[in-house]
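J.: If you want the building blocks of each chain, they are given just below.
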Amino acid sequence: MKKLFILLFFYSNFLFAHPVIYKDGFVLSSANMADYSNNYLMYSFSQRFAVGVDHWRFSQDDNNTEMGLLKLNHLLWRYNGHDSQANIYIHGGVGVEDREIGTKLTRGTYMYGAEVDWETRTLFTSLKHYQFQEISTTQARFGFSPKETPFESLQTWFMVQGMIIDDLNEKVMITPMLRFFYHNVLWEVGSSTRGDWMLNLMVHY
Amino acid sequence: MKKLILGTILMMSMSAFAAEVNVKVSGMVCSMCAQGIEKKFKNESSVKNLKVDLDEKLVTIHTHEGKEVSDEVITKLITEAGYNVAEISRK
Numbered sequence: 001m002k003k004l005f006i007l008l009f010f011y012s013n014f015l016f017a018h019p020v021i022y023k024d025g026f027v028l029s030s031a032n033m034a035d036y037s038n039n040y041l042m043y044s045f046s047q048r049f050a051v052g053v054d055h056w057r058f059s060q061d062d063n064n065t066e067m068g069l070l071k072l073n074h075l076l077w078r079y080n081g082h083d084s085q086a087n088i089y090i091h092g093g094v095g096v097e098d099r100e101i102g103t104k105l106t107r108g109t110y111m112y113g114a115e116v117d118w119e120t121r122t123l124f125t126s127l128k129h130y131q132f133q134e135i136s137t138t139q140a141r142f143g144f145s146p147k148e149t150p151f152e153s154l155q156t157w158f159m160v161q162g163m164i165i166d167d168l169n170e171k172v173m174i175t176p177m178l179r180f181f182y183h184n185v186l187w188e189v190g191s192s193t194r195g196d197w198m199l200n201l202m203v204h205y
Numbered sequence: 001m002k003k004l005i006l007g008t009i010l011m012m013s014m015s016a017f018a019a020e021v022n023v024k025v026s027g028m029v030c031s032m033c034a035q036g037i038e039k040k041f042k043n044e045s046s047v048k049n050l051k052v053d054l055d056e057k058l059v060t061i062h063t064h065e066g067k068e069v070s071d072e073v074i075t076k077l078i079t080e081a082g083y084n085v086a087e088i089s090r091k
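Protein chains in written order, with this note's numbering: chain A, 1 to 205; chain B, 1 to 91.
If we strip away everything but chain B, and leave its shape as in the complex, we get (with noise of 0.2 Å):
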């Protein structure tokens, strides 16, 4: 029992630190095109990772613990990849 309160601690004190944003982004059908997103999201400090779905049109980001990127950030990176942003929600 101990363990397994130790456990929820830790793993409700990660996900407090390391965030994920998931971003709906419109017109994202060109792969070669959507390495701008990549690109673009790689020189962000606060974000650790990134993954593009073509399937679903989503673009989900992960950032450093204890490191946020902002809905203005969000929206002025994937504009000047070509696209718009339609959804962005966080976890």
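Same shape as in the complex, but just chain A (with noise of 0.2 Å):
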């Protein structure tokens, strides 16, 4: 069961991510899944740098794990091509964590990381390594548009993600998703192929 929440836990901190966007813009985001929440609001206060607050809450039975981190996104590199645009994320933060599971415990907590993506209008693709306190995690997305839509429309992708959580589970957690985005909200459902329901929101403003 502790597993499971950690799981859980990791499982949504990958689900999408725009660690940082435009000067003066934020990310309003919130994930769920059926006995989790996570909420964030990132600030980037330049092109290059975003900082935030990030709230994490799951539950399973009678067991409670919560988790508030301070953290800051950096855009360490960035390729503007003609067609395509590829980034190099780095990551770090921290916080404390608030876990009951049987006992309560609460303690200080950090994260860092870095991702790298790539991307056209009709093909996408991003590897992520984040290192917590105890776990470490690797995630790999592909996804493609099957069309190249306008500015102004509806855009819809469909995605794969891939995830190995060291120390949780060996094997690769696959999931299957629809992505859109609609002017500044994109939103995502899918469901792994253990049957894990996903649904995702995020707003740029």
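You may find that some hints are simply not true.
Claimed, not checked - Pulled from the structure, derived: some chain A residues nowhere near chain B, Cβ distances all over 10 Å:
(1) ILE21
(2) ASP24
(3) HIS91
(4) LEU127
Said to hold, decoys possible - Only pairs whose alpha carbons sit at most 27 Å apart, straight line, appear in this in silico BS3-like list of lysine-lysine:
(5) B/LYS67 to B/LYS24
(6) B/LYS76 to B/LYS39
(7) B/LYS67 to B/LYS39
(8) A/LYS71 to B/LYS39
(9) B/LYS51 to A/LYS147
(10) B/LYS51 to B/LYS91
(11) B/LYS39 to A/LYS147
(12) A/LYS147 to A/LYS171
(13) B/LYS24 to A/LYS147
(14) B/LYS39 to B/LYS51
(15) B/LYS76 to B/LYS24
(16) B/LYS48 to B/LYS67
Simulated from the structure, these hints should not be mistaken for lab results.
Just so it is clear, CB atoms sit at the ideal spot from N, CA and C, and this is done for glycine as well.
Using the hints, build the complex out of the two chains.
T.: Right under this line is the structure:
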């Protein structure tokens, strides 16, 4: 059960990410699974850096875990090509973790990580590696859009995500999903091959 | 003939005041991310409206009559939105 909690926690952490956006832009995000929620607010004080708060909650039976982090994201490198864009980001955060698994435990915690992505108007791929206090995670995503959609139109993407969480599951967890975005709103709906549903929402403003 | 001349003069004067700036932008592949371009220019008082064309990687800026937006300002705002300016041309 403990492993399930941690699995859900880290699973949600990789759902989607726009670590740094345009200068003075905010990202509000909510990710939800059956026994889990994650909400964060990030502010890009430049086109290279973003700071924010990140709150996690997940529960299963009588067990609950909550975590609050102060985060700093940095766009380390960006390639702006004619028909593509590539990025390298690094992340860091510190906070407090409150766990109630049999007994209650409150402790400080941290995370750091890196991710790289590349996208065109019809292809997307990303690779991320995060190191937390006790666990490291690696996630890859691939997606495609069936057509090049105009700027003002609803965008539809078919995506698949694979992830390995060290010490928790040796197998790659596969999650097919649909991603939509319209103007400044993005939402994703999916279900893992294990049957865990996924529902995510993100707004830029 | 008189109306034609007046019409021509009127058209010429309108085009002289309502400027159109075309900006070729590199890296503009994600429409959600490109919303940042609209947001950055929205606060620019000289800009009347703006159109983003992902097919052409083109941002078309229309300014208010008698107003201009400099290349430096355009480059700054596009950079702050996370992109690179490839070319700026004016009509």
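J.: Hints first: check each against the structure and report whether it holds.
T.: Do the hints match the structure? See the list:
1. Separation of A/ILE21 from chain B is inadequate, the least Cβ-Cβ distance of about 6 Å not exceeding the 10 Å criterion.
2. Some Cβ of chain B comes within 10 Å of the Cβ of A/ASP24; the nearest lies about 8 Å off, and the non-interface call is violated.
3. The non-interface label for A/HIS91 is consistent with chain B: the shortest C-beta to C-beta separation is roughly 17 Å, beyond 10 Å.
4. Its beta-carbon lying about 18 Å from the closest one in chain B, A/LEU127 satisfies the requirement of being farther than 10 Å from that chain.
5. For the suggested pair B/LYS67 and B/LYS24, the alpha carbons sit about 21 Å apart, so the restraint of at most 27 Å is met.
6. The hinted pair formed by B/LYS76 and B/LYS39 meets the criterion: a straight-line CA distance of about 13 Å does not exceed 27 Å.
7. Simply put, B/LYS67 and B/LYS39 have alpha-carbon atoms about 19 Å apart, close enough for the 27 Å limit, and the pair holds.
8. Pair hint A/LYS71 plus B/LYS39 holds up; C-alpha atoms about 24 Å apart against a cutoff of 27 Å.
9. About 21 Å separates the Cα atoms of B/LYS51 and A/LYS147, which keeps this hinted pair within 27 Å; it holds.
10. For the hint linking B/LYS51 to B/LYS91, the alpha-carbon distance of about 15 Å falls within 27 Å, and the restraint holds.
11. Between B/LYS39 and A/LYS147 the alpha-carbon distance is near 26 Å, which keeps this suggested pair within the 27 Å criterion.
12. Distance check on the hinted pair: A/LYS147 and A/LYS171 sit about 33 Å apart at the alpha-carbon level, beyond 27 Å; violated.
13. Restraint check for B/LYS24 and A/LYS147: satisfied, since their Cα atoms lie roughly 22 Å apart, inside the 27 Å limit.
14. For the suggested pair B/LYS39 and B/LYS51, the alpha carbons sit about 12 Å apart, so the restraint of at most 27 Å is met.
15. Between B/LYS76 and B/LYS24, the direct Cα distance comes to roughly 14 Å. Compliance with the 27 Å bound is thereby established for this hinted pair.
16. This hinted pair checks out: B/LYS48 and B/LYS67 have alpha carbons roughly 9 Å apart, not beyond 27 Å.
Taken one by one, the earlier hints fail for this structure at numbers 1, 2 and 12, listed in ascending order.
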